[in-house]
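S.K.: Given next are the chains, with one letter for each unit.
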Amino acid sequence: MLALKSVRADYTTFQALFDVSLEVRQGEAVGVIGPNGAGKTTLMRVVSGLLRPTGGSIVMEGVDLVKTPPHRIVELGIAHVPESRRLFPRMSVEDNLKMGSFMRAARPKFRRRLDVVYELFPRLRERRAQLAGSMSGGEQQMCAIGRALMSEPKLLLLDEPSAGLAPVVVEQVFDLVTRLRAAGLTVLIVEQNVQQVLRVVDRAYVLKAGRIRAAGAAAELLASDTIREAYLGI
Amino acid sequence: MTRYLPWLGGLALIGLPFVYTAPYPMHILIIILIWSFAYTSWSVMGRFGLVSLGHGGFMGIGAYATALAWNYWHISPWIGAPMALLAGALLAVVVAYPCFRFRIIGHYFALVTLALSGIVLQVITATRDYTGGSLGYTPERYQSGSSFYALQFTGKTTWYLIALGVWAAGLYVWHRVDRSMLRYALEAISEDEDGAAAAGVHVTLEKLKITVLSAAMTALAGALYCQYQMFISPDTVSGIAVSLQMVFAVVVGGIYVPLGPTVGAVITILLAEVLRVSFGTRAVGWDNLVYGILLVIFIIFLPKGILGSLLALRRAS
Amino acid sequence: MAIFDIFLLEALLNGVLLGGVLALLSLGLNLIFGVIDVVWICYAELIMLGMYGMYFLYTVYHAPIVAAAAVCIVAVAILGVLLHVLVIAPLLGAAPINQLLATGGVLFFLQSAATVLFGVEFKNLGLRLPVLKAAGMFISYSRLLAFVAALVGMVLVYLFMTRTYTGTAIRAIAQDRQIIPLMGVNSRRIYLVTSALGGGLAGLAACLLVLQYDVHPFVGLSFGPITFLICVLGSLGNFVGGFVAAFVFAEIIALGGLYLDLEWGYVFAFAFFIVMMFVRPEGLMARRS
Ligand SMILES: Nc1ncnc2c1ncn2[C@@H]1O[C@H](COP(=O)(O)OP(=O)(O)O)[C@@H](O)[C@H]1O
Ligand SMILES: [Mg+2]
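Chains as they are written, first to last, in this note's numbering: chain Z, 1 to 234; chain E, 1001 to 1317; chain R, 2001 to 2289.
Possibly wrong hints are sitting among the right ones.
[Unchecked claim] Which stretches of chain E does chain R cover? Using the computed rule of at least three CB atoms under 8 Å from a CB of chain R, they are: (1) 1041-1053; (2) 1097-1106; (3) 1237-1244; (4) 1247-1258.
[Said to hold, decoys possible] A few chain R residues facing chain E, derived, Cβ under 8 Å: (5) 2039; (6) 2102; (7) 2115; (8) 2152; (9) 2156; (10) 2270.
These are computed hints drawn from the structure, not numbers from a lab. Note that CB positions come from ideal geometry on N, CA and C, so glycine has one too.
The task is simple: from the sequences and hints, build the whole structure.
M.R.: Quick look at the structure:
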């Protein structure tokens, strides 16, 4: 479904990704794990078009993402839940969700999708008129994921969805990933919360200092001593 | 050779009126020197990202305070101009202190100061019973002709030398600021205000220092302009247009180089004169029309200014 | 009621009427600032051009006044778009202060273009709207009309901003411009729409101001500064703050004008502004970031 080949990404004076190749197949949940500053967020940003890669190719179902304008990428069925949620804090929950269905194709389906999202997160229905910025971290994360789901995506990009949340809420977030998969969504998830994420994904890549250092089935990675010690720190 | 260039240039400028005295070119030179000084005064703070659009206000205070003190209380400009300078400094403190204290920076600062220059113009207009309002104001002639006491001279040479001296003093101030600790503090502040504060820089105080210095210099420019022209009006020495004119000239000349404002003054004043001479009264408005377009073009394509870009080119080659 | 009180009440009422127009002025500027993060220093000069447009269409070419107003609003909206495309867009990545100065250049340009094209004489519509007399007070009909039209304009903008996708995107982009492409929003298009809207509001303000004031090339200078002060006092980009500040300023100006000249009203407004900066530096309606 999504394939990255030898992707390179730079910030003005700093190269953040070196020769990153990665694949996500239809219906899979794939994790990318690695320490702070490894380039995980950068990876998400090049896929969703927030940052242009300086080399390599990114293809989504045969469409070259590098040549697609950023605001068109969501129309291909890619929804990105950015790091630290990034809701529109002074807009209501429902207006935030409305922004999620901004693209033309999603507008007629707004009501239906809203029901789907409220079904998934009943809390959001209760808080629909509240300013997004005034909710708790967990509620905000739900709203951010809900906003992404409004566009009825095929591929969901989650950037550290568990960061800064209470343990109970973290559980809920990972549960949700499992549920979304069951509903047929493909998920690419970036995490530092290694052990928990490896329980919900099929495969994972280990990213360190901008390079893929290891890859494999989640269970394998968890089991392999060398990888555990060298990269996962557990 | 290049080491002696400034000194040779200075000597040539001092010697000029003793060999060449045609009144019209001398007049243009004096005007250029006075405005160069005003523009330099602006750039003293402008180069640190403190973009004030209130300098029209400071200049207006300088000009009107000097003239009013002379006409109403017979205070010699030798006293009146320093008083005007203090008034400008005081106004700067009143407006800039809350701005800096409460982190009104960038856009906000520019807008607040912009309003300041608008308001000074309104005050001058509103107090028309004393200031003559928009019709302008003339300091009274003292006896007839020249008087050192009244700072009134009929000869252009005297004025030329005075303006030259003040202009050179302005450059000297620029240079001193450039060599001072204040500069490093202000550069740190303009890069990252919080970082500078964390590193122990007294942000409010440092900014206030440079603003007061710049405002006082600008007020002096106003006083000088008033004494030379013997006529001032709100539109020529105060208001938003004058503020923008200062910024414009500095941007055209080069904001980060000492002679940038001077180059800007030469270019803009010559441009205005050429247009005026060639089109006469039909030229009204044309000079500002060209300024406006040039300002936009410069900011888009040559933000370092003419002199700044030339120097950068030379350094690169 | 004592004579004094009637004058006071009349001034207060006039202040409210003026407040409506000032609120409209600050709304346009706030919109541009909130969304594009640029201050159009030349905002009042766009209004000046709109006023000239009204003068020529209505007084010189005898167009029906409503049609003239519609044409002016559209024309100034187009000017707003041109300003964005020609001046702001090339500078979007530049230092904010350069954007500010560039629009200052446009101010110069527009003022002098008006001087060159139309001359420095004061012009007016030559339209005498009646004065309403009620309870011993005199309220100018044109002020009332301006007030009502300004309110209608603001309500329309409010509906647009809250009910449509584009309006919602305009609010969203003001809060987080980086992630906006993730919503499928083309920020360039939103900027154009916002510039057109800001220009259109300037055009509307022009139609209303020309009912009350003469137009000349420098007319922008008489209400530009006050608009900036209102926006800063209301916290730049904050629509509600701008709205409240507009009415506060209008009352100060109206009351100052009651006892002294109108210019003194402006002076008081500025003094009030400085005091407010000491008291509430975040602006009247603080929005901590
Ligand atoms: N805007 C930026 N400018 C410069 N460097 C950046 C920027 N964003 C991130 N980086 C650098 O790129 C590297 C990878 O960052 P990021 O992708 O955010 O890592 P992660 O999400 O894995 O923590 C880090 O070293 C970071 O310092
Ligand atoms: Mg990250």
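S.K.: If a hint holds in the structure, say so; if it does not, say that too.
M.R.: Going through the hints against the structure:
no., hint, in the structure
1, 1041-1053, "holds (count 3)"
2, 1097-1106, "holds (count 7)"
3, 1237-1244, "holds (count 4)"
4, 1247-1258, "holds (count 3)"
5, 2039, "holds, 5 Å"
6, 2102, "holds, 4 Å"
7, 2115, "holds, 3 Å"
8, 2152, "violated, 28 Å"
9, 2156, "violated, 27 Å"
10, 2270, "holds, 4 Å"
Hint violations for this structure: numbers 8 and 9, all remaining hints satisfied.
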